[in-house]
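Participant: From first to last, the protein sequence lines stand for chains X and L.
Quick note: the first sequence uses my numbering, first residue 23, plus one each step.
Quick note: the second sequence uses my numbering, first residue 55, plus one each step.
I should point out that these hints are in silico values taken from the structure, not numbers from a laboratory.
Note that beta-carbon positions come from the ideal geometry of N, C-alpha and C, so glycine has one too.
Be a bit skeptical, because a hint or two may be false.
Said to hold, decoys possible - Covered, in the sense of this in silico footprint (three residues per stretch, anywhere, with C-beta under 8 angstroms from a C-beta of chain X), are these stretches of chain L:
1) 136-145
2) 161-171
3) 334-344
Unchecked claim - Derived pair list, reagent style SDA-like, types lysine to any residue, alpha-carbon separation capped at 20 angstroms:
4) LYS86(X) x GLU353(L)
5) LYS86(X) x LYS222(L)
6) LYS222(L) x GLU353(L)
7) LYS240(L) x GLU59(X)
8) LYS222(L) x GLY42(X)
The primary structure of each chain is shown beneath.
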Amino acid sequence: MSENDTSITVCPRGPLLVRGDFEILDDKGQPVPRTRETVALCRCGASAIKPYCDGSHKLNGFEKNR
Amino acid sequence: MKIPQHRGPVSSLLLQILGQNDLSTDLTELNEVATQALSDSDILCDEDLQLCLFALYELHYGGFERVSDQWEWHPGLLAFRARLETAFEARLRDAVGELPAIADTADQVAAQLFELAGSSTGPSVSEFVLRHATVEQVKEFLIQKSIYQLKEADPHTWAIPRLTGRGKSALVEIQYDEYGSGSAGKMHSELFATTMAGLDLDSQFGAYIDEIPAITLASVNMMSLFALHRRLRGAVAGHLAIYEMTSSIPSARYARGLRRLGFQSPVTDYFDEHVEADAVHEQIAGRDLAGGLIEEDPELGPSIFFGAHAVCFIDDLLGRWQMEAWEQGRSSLRSKELIR
């Protein structure tokens with residue numbers, strides 16, 4: 023897959039859905055363990071498995087009144 | 055799997071016929087006893103009829119030991135199954151009632167489905183497992199789930215060749231993940247088997263069939279009903295969307311409940327995996343699968359939302375069934391005395 027096929031979808035009231043060819047690095051530049059091709063990245067800040075989403079945005083009303 | 059024990063006159067006759075393997079074309083008596091049962095009972099929670107549907111559908115999946123594969127496309131059996139399906143679908147449509155207005159953009163469809171998924175008022179089995187369940191109750195909960203989770207994702211796979219475009223890509227993307235993204239041993243059904251084995255349960259598919267009550271069978275029979283009929287392909291999408299949207303947060307509670315009881319990886323892996331996986335899948339299922347299908351063909355809307363509402367209805371009943379039993383200090387499984 024070429025870089026051009028990588029996409030980030032901003033899910034309303036939810037995570038960033040990232041598809042394609044990409045790497046997730048921590049602050050030391052080390053790869054964050056990843057077990058699936060398409061990932062959901064936490065946007066609400068409440069996930070217990072950051073950087074990934076765990077659905078917590080549904081409990082904390084993230085962006086609910088936007 | 056082994057042939058289940060019968061639960062009444064219709065399943066008694068059906069299982070006897072299946073076991074004979076003579077591919078008999080005379081199913082008159084079977085149809086007669088079914089007519090009686092269909093007029094006398096509510097098919098949704100009728101042990102006899104739900105077991106019949108389960109057995110007829112299972113012919114399309116793994117089949118039964120010592121039962122001919124030829125039965126799968128036997129015209130008489132298919133006609134018999136259609137009679138049960140007509141009653142079952144009518145019962146589900148009656149329970150769902152009139153559908154609200156359906157959005158026409160993927161974003162709005164996803165929002166509607168998320169709202170529906172979050173609207174359940176039933177008791178929370180996951181909260182109970184998190185805080186209070188004993189090991190025996192967790193085992194029971196796993197047994198209830200096993201009749202689907204040991205073939206997790208299989209029903210929805212039937213819909214793939216019936217879809218096109220963005221919706222099809224989305225379903226394949228979800229299913230690829232469900233089946234372990236090509237890594238042997240990582241299929242969600244296999245992770246569930248590991249969890250069962252960790253609690254000393256038999257992880258062969260169907261090992262506990264005789265203990266599974268009708269309402270649980272109805273929940274898996276509903277998936278097969280949607281999955282095996284092209285006209286209900288939208289309902290498969292709606293069903294999957296709600297399943298994914300009601301999974302991450304409960305899965306985190308189940309994993310924590312298991313840890314509270316002293317279990318750890320790999321026993322907890324199934325539930326830990328579903329926290330992350332279904333937070334991805336719910337977005338894909340809502341926006342790209344259900345939403346994508348409606349944008350491509352708005353006429354699928356009612357079918358998608360019928361499937362979504364039907365699963366909410368059945369899951370709510372199933373949750374109540376389980377919690378009522380536990381609150382009254384009894385098992386939610388079929389009583390051992392009923393099983394010969």
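Participant: All hints, please: hold or fail.
Facilitator: Against the structure, the hints come out as follows:
Residues of the region 136-145 of chain L with a Cβ under 8 angstroms from some Cβ of chain X number 0, which does not satisfy the need for three, so the listed coverage is violated. Coverage of a stretch by a chain is defined here by at least three residues with a beta carbon nearer than 8 angstroms to that chain's beta carbons; for the region 161-171 of chain L and chain X the count is 4, and the condition holds. Under the rule that three or more residues need a Cβ within less than 8 angstroms of chain X, the assignment of the region 334-344 of chain L holds, with 5 such residues. Distance hint between LYS86(X) and GLU353(L) is unfulfilled; the C-alpha atoms sit about 29 angstroms from each other, more than 20 angstroms.
Using a Cα cut-off of 20 angstroms, the hinted pair LYS86(X) and LYS222(L) is violated, with the two alpha carbons roughly 30 angstroms apart. Restraint check for LYS222(L) and GLU353(L): the C-alpha separation of about 16 angstroms stays at or below 20 angstroms, so the hint holds. At roughly 14 angstroms between alpha-carbon atoms, LYS240(L) and GLU59(X) fall within 20 angstroms of each other, so this suggested pair holds. The hinted pair formed by LYS222(L) and GLY42(X) meets the criterion: a straight-line CA distance of about 17 angstroms does not exceed 20 angstroms.
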